Amino acid sequence: MDNLTEYRQSPLNGATFGNKKNIYLAEKPFATTLEIRVNPKSNTARKIEKTLKIKFPKQVGQTFRSKSFTVLTLGPDWWMVVGANRNHEVKIRAAIGNEFASIVDSSGQRTFIEVSGKYAQEVLEHGWENNLDPKEFKSGMCSQGVLSRSPVIIYHGPVGVYHLYVRASFAQHLWNFMTDASIEYLKK
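Each position in the sequence shown, counted from 1, maps to that position plus 12 in our numbering.
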């Protein structure tokens, strides 16, 4: 079957809120996402790295960005590849054959919200449980946690831009929380 990505629709359906100067929320287009679980010291991991033309980041929270995708390190043996295409999964499976690894297309599982603007960090701090101080959570890092009772992965993109990956079933709840938390920053 052909890739059905173009027909998928997120729970937020392209919603936007705010202004680009102070605080701006935008549901971003669907991105193919692969979750990879493999022993990082194994020969299988080397084959996956060779196929993707990357080196898996070693520390949880580290990321790798290529021209077409971003690799987020979610655990010692767990990576999420955002922006991968279907060919990546097929090539990885062909490269590793029957060797042990978990490669799961989790594309439909999460909704992608971009939070940007002068007050993006402050808005997120209304409900995020982890430290967002730019000295600790630098541009190019990722973190998992709970934001307004919703399981979220945050990727700190360029300064002042955060990518939130929230489970689709929590997307509307998180959107409501984020728009409410943003109101006080719209006219500052």
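The set of hints was computed from the structure by calculation and includes no laboratory data.
Any given hint could turn out to be false.
Derived Cβ-Cβ restraints for the label pairs, each shown as a range [unchecked claim]:
id : residue 1 : residue 2 : range
1  : 62        : 138       : 41 to 47 Å
2  : 105       : 200       : 45 to 51 Å
3  : 105       : 199       : 47 to 53 Å
4  : 78        : 28        : 37 to 43 Å
Below, a list of computed lysine-lysine pairs in the DSS-like style, where the Cα atoms sit at most 25 Å apart [stated by the list, open to error]:
id : residue 1 : residue 2
5  : 53        : 32
6  : 33        : 62
7  : 199       : 67
8  : 53        : 130
9  : 130       : 103
All values derive from a computational prediction rather than experimental measurement.
Every residue, glycine too, gets a C-beta built ideally from N, C-alpha and C.
Taking the CB of residue 78 and the CB of residue 28, does the distance hold inside 37 to 43 Å? The hinted range 37 to 43 Å is violated for residue 78 and residue 28, with Cβ atoms some 27 Å apart.
Taken at face value, is the distance from the CA of residue 130 to the CA of residue 53 at most 25 Å? violated, 41 Å
Under the criterion that the straight-line Cα-Cα distance not exceed 25 Å, is the pair residue 53, residue 32 satisfied? Not satisfied, since the Cα-Cα distance of roughly 43 Å exceeds 25 Å.
For residue 199 and residue 67, compute the direct alpha-carbon distance and say whether it is at most 25 Å. violated, 44 Å
Mind checking the hinted window 47 to 53 Å against the Cβ distance between residue 105 and residue 199? holds, 52 Å
What's the verdict on residue 130 and residue 103, does the C-alpha distance respect the 25 Å limit or exceed it? The hint is violated at about 41 Å.
Can you tell me whether the CB distance of residue 105 to residue 200 sits inside 45 to 51 Å? The hint (45 to 51 Å, Cβ to Cβ) holds, given that residue 105 and residue 200 are roughly 50 Å apart.
Assess, step by step, whether the Cα of residue 33 is no farther than 25 Å from the Cα of residue 62, and give holds or violated. violated, 41 Å
Check the following: the C-beta atoms of residue 62 and residue 138 are separated by a distance inside 41 to 47 Å. Check passed, 43 Å falls within 41 to 47 Å.
Going through the hint list in order, the structure does not satisfy hints 4, 5, 6, 7, 8 and 9.
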